[in-house]
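Novice: Both chains come to you apart, so use the hints to assemble them.
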Amino acid sequence: MDPSLRSASGQTAALRAQDVTLLDLLDRVVDHGVILAGDVTISVAGVDLIYLGLRVLLAPVERLPELMSRTVDAVDAVDAMDEERSEVAHG
Amino acid sequence: MTTTAAGTRTDAGPAELEMESAGDAARGWYLYGITRRGLLAAALAEAGAGPAVGAGLTVAPGDAEPLQLLECCGLAAVVRPVLLADFSLAVLQERLRSAPELEAMVRSHNRVIEAIHARQAILPAKFGVVYAHDRDIVSGLRSACDTLLPQLHRLEGCDEWALHLYADRAVVRDRIAARIPAIGRLREEYAAARPGRAYFLERQLRDELEAATRQALVTLAQSAFDRVVGSALAGQVNPVGPVADAAGEVEILRAAFLVARDGAEHFDAEVRSAADASEGLRCECSGPWPPYSFAIGHAEAAE
Chain E
1 MDPSLRSASG QTAALRAQDV TLLDLLDRVV DHGVILAGDV TISVAGVDLI
51 YLGLRVLLAP VERLPELMSR TVDAVDAVDA MDEERSEVAH G
Chain R
1 MTTTAAGTRT DAGPAELEME SAGDAARGWY LYGITRRGLL AAALAEAGAG
51 PAVGAGLTVA PGDAEPLQLL ECCGLAAVVR PVLLADFSLA VLQERLRSAP
101 ELEAMVRSHN RVIEAIHARQ AILPAKFGVV YAHDRDIVSG LRSACDTLLP
151 QLHRLEGCDE WALHLYADRA VVRDRIAARI PAIGRLREEY AAARPGRAYF
201 LERQLRDELE AATRQALVTL AQSAFDRVVG SALAGQVNPV GPVADAAGEV
251 EILRAAFLVA RDGAEHFDAE VRSAADASEG LRCECSGPWP PYSFAIGHAE
301 AAE
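Protein chains in written order, with our numbering: chain E, 1 to 91; chain R, 1 to 303.
In isolation and in its complexed conformation, chain R is listed as follows (with noise of 0.2 Å):
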């Protein structure tokens, strides 16, 4: 194996890799991502300027070690060696009693990621893979590399955007009320029933109401999709919190899409055109981040 003044390693040979491991058998390798072939080092310098994954946020950032670059078939990983130690299972459980410490190192992840999604497309890597080995990122690459390629020039020129609709429940429960002839009826037959029809008619009004309710949230959050969708360039939908939080405002949508950087304020209208729709609803929006739930894995690529 060769390492260049970039901190560029090409493809070796086994025997090479083999050694190297032998030699070395504390450290491991931490994957940041995949991007093409041909990142330049001072670029790459740049992404690995703050602090690092792992044990390098208890230091200075300039005590961790440098990213450094696997290439094979177009492909390049950027990696930083770390101390296999830091990854320990014992290390991981204690760090989770440290949430901050926790959110520092979520952040470092996905700073260096996004240093380099501004330069260029990155398929993001899973936070916290560490490999026992350098090769097996390399044989990683040869294998899914028609996946990939592919993938990447997709990617080119893309951000991913973090949506969330909520919706004032009461304020559409309200409105549903208003606009179903059945719950009218229902309405009119209670108020004028004697106490004891009149308490399985309520019963029969707050469940048609609830029903209602749900229905209209769905087809709300449906339709703010469907519009915000025809924007981006992919769509995705994740699940929501279960609970109305304490203003009855209940999350209806958490989606992820793929926008075109030319497309972007298109999409930025569409959102606004999604939350006006209706009264009661309101979005959130988060973003540009690195496509990171646009990106897939060589297994489920195959699939």
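Isolated chain E, as found in the complex (with noise of 0.2 Å):
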């Protein structure tokens, strides 16, 4: 069972309780962690554009041009890894 949210009265707060929960859970999910070291480990930099996506679909409208901004740079990141890649893949 997923955590619950509650108000500071005690009672469970039906409003929005989804949406919090959900922000609550990709702030310890995605931001938070152990990552052992090693020397092969993927999917970081594609997991951190899932949450970026994430956060533009929950925000609030008047963040959105902000958080579009981090997922556009983001994107740029991967985009230039893949360059890079393909550059090494063909020299």
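Worth flagging that the hints you see were computed from the coordinates, not collected in a lab.
Even glycine gets a Cβ: it sits at the ideal position worked out from N, Cα and C.
Hints are supplied without guarantee of correctness; some may be wrong.
[To be verified] Sample of chain E residues at the chain R side, in silico, Cβ under 7 Å:
#: 1; residue: 21
#: 2; residue: 23
#: 3; residue: 24
#: 4; residue: 28
#: 5; residue: 29
#: 6; residue: 30
#: 7; residue: 32
#: 8; residue: 33
#: 9; residue: 35
#: 10; residue: 36
[Stated by the list, open to error] Not the full set, but computed from the structure, chain R residues with beta-carbon under 7 Å of chain E:
#: 11; residue: 127
#: 12; residue: 205
#: 13; residue: 209
#: 14; residue: 211
#: 15; residue: 213
#: 16; residue: 289
Specialist: Written as structure tokens, this is what we have:
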């Protein structure tokens, strides 16, 4: 069962509860956590994209420009990584 | 390497690992977290019973490979064999477009960690990290065991709680305006001033009121954090959203707390007290979570 959200009065807060717990979940699962030292890990850059994408979908309208610009930056970074890989592969 | 009926792999020699990896290049190892050695096979099977992260979401839960433990130095990494192709950048970028699927992936990751967290302490892994070779995970456990074992010991019997504190900006501003003598004097001057001077006085009043309100919100957030952290084993302040919502409410504190289970009632009472401490405040608290914010990786621990 997923963690619940409670208001300060101890009552279950149905309004926005799902959004808040999802944002709390994202803050925890994607932003934090152990990464063991290892020679080969993949997916981290892609997951950062996922995280940003979800935040864009869930964010208040006022924050969209800021988050969209971060997403674009992240996409550019991944594209640059792809280009580097391609150069290595063909170089 | 040996695989027991319980799905547990014990520390193996490099040559043996190399053979297996070379023979199965398309597989990777999705890491959920690190726990103490000795997790029961039944608990592992239960934790892995839900839909799996990745391609497992598109098939019946039973079709995903079962969870496994990679053990070394008293530690056990909770992993699931996955297809590397399911975690390529192209696939992940495609999934970026589907919020429900991504949410399901995140929840699936959390579900496994929660199931183990309910039985014994676990250091959650960051979402979406796939290792190409299980030997990388085993060597990571070996090199980090001196820092990971004490962390697990510290987190045993503890949960994480997330706290959001919101303030009604207008209520706080009006209260501050009534309390600060300089603002009261400015208001009197403004009321009696001629139009030209009134314009400048209005700007000054607005700026001073804005600065005083900002400071008051910072003070409210700090005193709430100080109050609540007193009932927790540790606390961490996270960035808040920068804008007020349509109702003029602004988030002034977003924090995570590590709380002993037997101290949860005390923590809850302190959260309520923090919200009741001043008019215009509202708290939301979610949890219990596995201790994501209080698990640190090897590199951070070594700093």
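Novice: Next, verify each hint and record whether it holds.
Specialist: Here is how each hint holds up against the structure:
1. 21: holds (5 Å)
2. 23: violated (9 Å)
3. 24: Holds, about 4 Å.
4. 28: Result: holds, 4 Å to nearest chain R Cβ.
5. 29: With a minimum Cβ separation of about 4 Å from chain R (threshold 7 Å), the hint on residue 29 of chain E holds.
6. 30: Where the cut-off is 7 Å and the nearest Cβ of chain R is about 5 Å from residue 30 of chain E, the hint holds.
7. 32: holds (4 Å)
8. 33: With Cβ-Cβ at 4 Å, under 7 Å, it holds.
9. 35: holds (5 Å)
10. 36: Holds, about 3 Å.
11. 127: holds (4 Å)
12. 205: Violated - the Cβ of residue 205 of chain R stays beyond 7 Å from chain E, reaching only about 26 Å at its closest.
13. 209: With a closest approach of 22 Å, the residue 209 of chain R hint is violated.
14. 211: Residue 211 of chain R check fails; min Cβ-Cβ to chain E is 22 Å, beyond 7 Å.
15. 213: Given a least distance of 19 Å, the restraint on residue 213 of chain R is violated.
16. 289: OK, holds: residue 289 of chain R within 7 Å of chain E, min 5 Å.
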